[in-house]
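Read the sequence shown against the working numbering and you will find it ends at 74, with the numbers running on by one and no gaps.
Each hint should be verified, as a subset may be incorrect.
[Stated by the list, open to error] FRET-style restraints, in silico, Cβ to Cβ:
1. 68 <-> 29: 25 to 35 angstroms
2. 43 <-> 64: 16 to 26 angstroms
3. 67 <-> 46: 13 to 23 angstroms
[Stated by the list, open to error] Each computed SDA-like pair below joins lysine to any residue, with the alpha-carbon atoms no more than 20 angstroms apart:
4. 62 <-> 51
5. 62 <-> 46
6. 60 <-> 40
7. 60 <-> 31
8. 38 <-> 61
9. 60 <-> 29
10. 62 <-> 50
11. 38 <-> 57
12. 38 <-> 63
Hints are computed from structural coordinates only; laboratory data are not their basis.
This structure is a prediction, so every number in the text was calculated from the model and none was measured.
Each residue gets a CB set at the ideal place from its N, CA and C atoms; glycine is no exception.
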Amino acid sequence: MRPAPGRPRSANSPAQAPCGAHPFHRRGNIPVDVDHTKPLALGGTDADGTLQVLCRGCHKLKTSTEFGAAVAPH
1 MRPAPGRPRS ANSPAQAPCG AHPFHRRGNI PVDVDHTKPL ALGGTDADGT
51 LQVLCRGCHK LKTSTEFGAA VAPH
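Start from the sequences, fold in the hints, and give me the full structure.
Written as structure tokens, this is what we have:
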């Protein structure tokens with residue numbers, strides 16, 4: 001993933017990622033990634049409103065399913 005200028009690629013955040021449905025996400029301090037809601041390779045942009053925070057496992061799952069190969073997130 002290519003970060004937008006001035007934006008972090010990933011961070012450790014005590015905040016719960018939006019994918020917080022998994023019980024271990026609620027523990028806080030999980031590694032998270034900044035994700036494009038629409039992949040750059042599929043025409044997405046770095047514009048405001050097109051990025052979201054996901055835990056690394058959910059980001060990996062989302063990315064793999066967008067390109068046709070589902071994998072287990074954790």
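- request: Measure nothing beyond the straight line between the CA atoms of residue 60 and residue 40; if it is 20 angstroms or shorter, mark the hint as holding.
  value: holds (15 angstroms)
- request: Could you grab the alpha-carbon distance between residue 62 and residue 51 and see if it respects the 20 angstroms cut-off?
  value: holds (13 angstroms)
- prompt: Honestly, do residue 68 and residue 29 meet the 25 to 35 angstroms range at C-beta?
  reply: The hint (25 to 35 angstroms, Cβ to Cβ) holds, given that residue 68 and residue 29 are roughly 33 angstroms apart.
- prompt: Is the hinted pair residue 60 and residue 31 satisfied, with a Cα-Cα distance of at most 20 angstroms?
  reply: The hint holds at about 12 angstroms.
query: Would the pair residue 38 and residue 57 pass a check requiring their Cα atoms to be no farther apart than 20 angstroms?
result: Roughly 18 angstroms separates the two Cα atoms, so the pair holds.
message: Range first: 13 to 23 angstroms. Now tell me if the beta carbons of residue 67 and residue 46 are that far apart.
response: holds (19 angstroms)
- prompt: Would the pair residue 38 and residue 61 pass a check requiring their Cα atoms to be no farther apart than 20 angstroms?
  reply: holds (14 angstroms)
- prompt: Taken at face value, is the distance from the CA of residue 46 to the CA of residue 62 at most 20 angstroms?
  reply: holds (17 angstroms)
task: Sort out whether residue 29 lies within 20 angstroms of residue 60, counting only the CA atoms.
output: Holds - the C-alpha atoms of residue 29 and residue 60 are around 18 angstroms apart, at most 20 angstroms.
task: Could you see if the CB distance from residue 43 to residue 64 stays within 16 to 26 angstroms?
output: Given range 16 to 26 angstroms: holds, Cβ gap about 19 angstroms.
- prompt: Holds or violated: are the alpha carbons of residue 62 and residue 50 at most 20 angstroms from each other?
  reply: holds (15 angstroms)
query: Are the Cα atoms of residue 38 and residue 63 separated by 20 angstroms or less?
result: It holds: about 10 angstroms lies between the C-alpha atoms, which stays within 20 angstroms.
Every hint from the earlier list agrees with this structure, and none is contradicted.
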